[in-house]
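Colleague: Sequence:
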Amino acid sequence: MNELEHLLSDLIAIDSINPDLNPGSAGEGEIARYIAAWLERSGLDVSLDEVAPGRPNVVAVAHGSGGGRTLLFDGHMDTVGVAGMTNPHSPRLDSGRIYGRGTVDMKGGLAASMLAIAEAKKQRIRGDVVFTAVIDEEYASVGTMDLVKRF
Numbered sequence: 001m002n003e004l005e006h007l008l009s010d011l012i013a014i015d016s017i018n019p020d021l022n023p024g025s026a027g028e029g030e031i032a033r034y035i036a037a038w039l040e041r042s043g044l045d046v047s048l049d050e051v052a053p054g055r056p057n058v059v060a061v062a063h064g065s066g067g068g069r070t071l072l073f074d075g076h077m078d079t080v081g082v083a084g085m086t087n088p089h090s091p092r093l094d095s096g097r098i099y100g101r102g103t104v105d106m107k108g109g110l111a112a113s114m115l116a117i118a119e120a121k122k123q124r125i126r127g128d129v130v131f132t133a134v135i136d137e138e139y140a141s142v143g144t145m146d147l148v149k150r151f
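For what it's worth, this note's numbering labels the leading residue of the sequence shown as 1, then goes sequentially.
Read the hints as simulated data drawn from the structure, not as lab findings. There may be inaccurate statements among the hints.
For each label pair, taking beta carbons as the anchor points, the in silico distance ranges come out as [what the hints assert, rightly or not]:
| no. | residue 1 | residue 2 | range |
| --- | --- | --- | --- |
| 1 | V104 | M1 | 17 to 27 Å |
| 2 | R92 | R126 | 34 to 44 Å |
| 3 | R97 | G67 | 38 to 48 Å |
| 4 | S90 | Y139 | 34 to 44 Å |
All residues carry an ideal CB built from backbone N, CA and C; glycine is no exception.
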């Protein structure tokens, strides 16, 4: 597996079903901690900002060398339920495609954005690159609303 496939597989394996849609579900806490730790290992400034109990947004910044514009990568960590799915959190690679809950909406986008901001940090581009992974897109978008209010 290449780096993107490995990272996406790790994200798929983490249950992040939105508890507002499916009471008693895991929520985004575990995946937020995984993403934050991965970004910290990549040398980024990272914060976990709790928006709802046990449900933090992740905010990371790759500071540029100066004089450039800021680029934002934003995605959500929550997924819808898994009723009727077989092994939804067991990623499966088949004919160059990865299958599992959240692959397209939107853990694939999160993985790609994580790799992109890590590369931006290495390249020391002029502008800052900001990465946000928010909670609750699938229900009320409180994670995004929190970011809008704060920034």
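Colleague: Each hint should be assessed against the structure and marked as holding or not.
Modeller: Here's how the hints hold up against the structure:
{"no.": "1", "hint": "V104 with M1: 17 to 27 Å", "verdict": "holds (18 Å)"}
{"no.": "2", "hint": "R92 with R126: 34 to 44 Å", "verdict": "holds (41 Å)"}
{"no.": "3", "hint": "R97 with G67: 38 to 48 Å", "verdict": "holds (41 Å)"}
{"no.": "4", "hint": "S90 with Y139: 34 to 44 Å", "verdict": "violated (25 Å)"}
Hint 4 alone, counting from the list given before, is not met by this structure.
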